[in-house]
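S.K.: Chain by chain, the residues:
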Amino acid sequence: MRPFSYERAADLAQAALLGRETGQGQTDAVAQFLFGGTTLVDLMKLDVLRPKRLVDLVELKGAHGGIAVSVDGLHLGAMASMAEVAAHPDVRRDYPAVAQSLELAASPQIRNMASLGGNVLQRTRCPYFRDPSWTACNKRNPGSGCAAIEGFNRNHAVLGVDQSCVSQYPGDLAVVLSAFDTELEIVGAAGARRMPFSALHRPADGKPHLENNLQSGDIIIGFKVPAGAWTRRSLYLKVRDRASYEFALASAAVGLDLEDGVVRQVRVGLGGVAYRPWRSPEAEGSLIGKPLNEAAAQAAAEAAFAGAVTHGGNDFKPELGRRTLVRALLEARDRTVNAGGA
Amino acid sequence: MDRTAQLTGPSRRGLIGAAATFAASSAVSVAQGAAETAVSGAVPMRLNINGKDRDAILDVRTCLLDALRDHLDLTGSKKGCDQGQCGACTVLVDGHRALGCLTLAVAAQGRRITTIEGLAEAGGPLHPMQQAFIDNDAFQCGYCTPGQILSAVACVGEGHAASDGDIREYMSGNLCRCGAYPKIVEAIKQARDHMRPA
Chain A
0 MRPFSYERAA DLAQAALLGR ETGQGQTDAV AQFLFGGTTL VDLMKLDVLR
50 PKRLVDLVEL KGAHGGIAVS VDGLHLGAMA SMAEVAAHPD VRRDYPAVAQ
100 SLELAASPQI RNMASLGGNV LQRTRCPYFR DPSWTACNKR NPGSGCAAIE
150 GFNRNHAVLG VDQSCVSQYP GDLAVVLSAF DTELEIVGAA GARRMPFSAL
200 HRPADGKPHL ENNLQSGDII IGFKVPAGAW TRRSLYLKVR DRASYEFALA
250 SAAVGLDLED GVVRQVRVGL GGVAYRPWRS PEAEGSLIGK PLNEAAAQAA
300 AEAAFAGAVT HGGNDFKPEL GRRTLVRALL EARDRTVNAG GA
Chain B
0 MDRTAQLTGP SRRGLIGAAA TFAASSAVSV AQGAAETAVS GAVPMRLNIN
50 GKDRDAILDV RTCLLDALRD HLDLTGSKKG CDQGQCGACT VLVDGHRALG
100 CLTLAVAAQG RRITTIEGLA EAGGPLHPMQ QAFIDNDAFQ CGYCTPGQIL
150 SAVACVGEGH AASDGDIREY MSGNLCRCGA YPKIVEAIKQ ARDHMRPA
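These protein sequence lines map, in sequence, to chains A and B.
Under numbering that gives the first Met the number 0, think of the first position of the first sequence as 0, with each following residue one higher.
Under numbering that gives the first Met the number 0, think of the first position of the second sequence as 0, with each following residue one higher.
These are calculated hints, taken from the structure and not from any lab test.
The beta carbon of each residue, even a glycine, is placed where N, CA and C say it ideally should be.
One or more hints might be untrue.
Unchecked claim - Short derived list, chain A residues pointing at chain B, Cβ under 7 angstroms: (1) M0; (2) V40; (3) D55; (4) S106; (5) P107; (6) N111; (7) W133; (8) S243; (9) L291; (10) T309; (11) G311; (12) F315; (13) E318.
What the hints assert, rightly or not - Computed far set for chain A versus chain B, every beta-carbon distance over 12 angstroms: (14) L39; (15) E58; (16) E102; (17) P131; (18) A135; (19) D161; (20) G190; (21) P225; (22) G312.
Looking at chain A on its own, in the form it has when it is part of the complex:
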């Protein structure tokens, strides 16, 4: 691991000042914010991330680690741990997809360590990104090419990819947050502001070394998931190579608002198959106003993957993704929702 300095920020203002060189996800960014370290320390050991300065945000947990459900929606402090949110009874009752996406992620140890803010910013598991002995990786070395396109790409993305990068966004929570109209609360050098969660992760767009639209020093302090008739009838379905402690090959976040079996409103997110947390307005649009049966679910899945691009190893993913979404929609339809829900 390369040398670095370690600082523990006492408050937000100090953290924003110390983190003024965090960049937008570049692997050579001068500064990195530290919370659980489950991504950061791992990638520093692998010599992928090379910060000269770590700014520990642990002291901010008291002020920005809360979890609250109100009539307006769900508010999650960004320093809450994955485990705390997954275990919260109000989240489990009113936003089950949020709780499930966390509980199905990582291991109990990692869920205790990782904050939500760090979780949504976790890096791809692309083996060429994680191994600096490979020169060609546009995410690490802009302009160097993409070793995965012609290489091992079984786990790679089929939606939102281009010739610069086919890596997969590996997270689960972000898939739900992107589908559920979440708003980010950010504090940075220029003060506080809000950003739609869907604007956080950048498209590859020929510049995959730029991962997010944060400004240097920006700290995600909270997530606001607005209330909706679909949140109680929601679920997160994750398909993977082993039953637990594994990243998604394909996943689906679904929220349904049904009236007499007909779709009034719906939210669809897809994970494991896309370059960034993926919402599918195509799938949502094809379902609205229709009775939710298997044919309608299949049509939505076809719409969701109409633009899929595969590279050999991941040729199976569009079909796996479609089947995952169909199953998620039908399971959400059949789910028993507590009184007060749909």
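Given chain A, work out where chain B should sit, using these hints.
M.R.: Just chain B now, with coordinates in the frame of chain A:
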């Protein structure tokens, strides 16, 4: 909610205060308003391990696992993958299970760390989970066992040991190369029924 309270409650504040007093002129002054910088190289640290403050001068890059094993003579925690994938380095931090290999020692200051060496009192009986692993022959080579036991103690404490399925799911962060999983499940069930008061 309880966990949040525990993490940010008065006891933790007190410990950080103690660490800050010790480190006021060096690494991690957290109470002074202005953060200070620790630079790679020798940095004095104070870690609270198994109820005792331990002082050490460590490179700021040292992870908690290496601090325990290489500098504090606590070799019970094991290094398996060193990448957060196997769970052999599992310790308890403020009572919650965490990975020593992905925790920087400098960042663990002010937290209560429990290792396998601190699970039972010296000279006293084994912790019910340790005894259960022996009674059920829940290991072969034993390399993953300290991490399995600490993870299992937390698993029961979290209320995630109600069924065999729950135990398997919530112990999935601890890999066993020998495949002793069925007996690990049996051991956890035995210990669960003796750990109720805790």
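S.K.: Taking the hints in turn, state whether each one holds.
M.R.: Verification of the hints:
{"no.": "1", "hint": "M0", "in the structure": "holds (5 angstroms)"}
{"no.": "2", "hint": "V40", "in the structure": "holds (5 angstroms)"}
{"no.": "3", "hint": "D55", "in the structure": "holds (6 angstroms)"}
{"no.": "4", "hint": "S106", "in the structure": "holds (3 angstroms)"}
{"no.": "5", "hint": "P107", "in the structure": "holds (5 angstroms)"}
{"no.": "6", "hint": "N111", "in the structure": "holds (4 angstroms)"}
{"no.": "7", "hint": "W133", "in the structure": "violated (17 angstroms)"}
{"no.": "8", "hint": "S243", "in the structure": "holds (4 angstroms)"}
{"no.": "9", "hint": "L291", "in the structure": "violated (29 angstroms)"}
{"no.": "10", "hint": "T309", "in the structure": "violated (28 angstroms)"}
{"no.": "11", "hint": "G311", "in the structure": "violated (26 angstroms)"}
{"no.": "12", "hint": "F315", "in the structure": "violated (24 angstroms)"}
{"no.": "13", "hint": "E318", "in the structure": "violated (27 angstroms)"}
{"no.": "14", "hint": "L39", "in the structure": "violated (9 angstroms)"}
{"no.": "15", "hint": "E58", "in the structure": "violated (6 angstroms)"}
{"no.": "16", "hint": "E102", "in the structure": "violated (9 angstroms)"}
{"no.": "17", "hint": "P131", "in the structure": "holds (15 angstroms)"}
{"no.": "18", "hint": "A135", "in the structure": "holds (23 angstroms)"}
{"no.": "19", "hint": "D161", "in the structure": "holds (29 angstroms)"}
{"no.": "20", "hint": "G190", "in the structure": "holds (20 angstroms)"}
{"no.": "21", "hint": "P225", "in the structure": "holds (22 angstroms)"}
{"no.": "22", "hint": "G312", "in the structure": "holds (22 angstroms)"}
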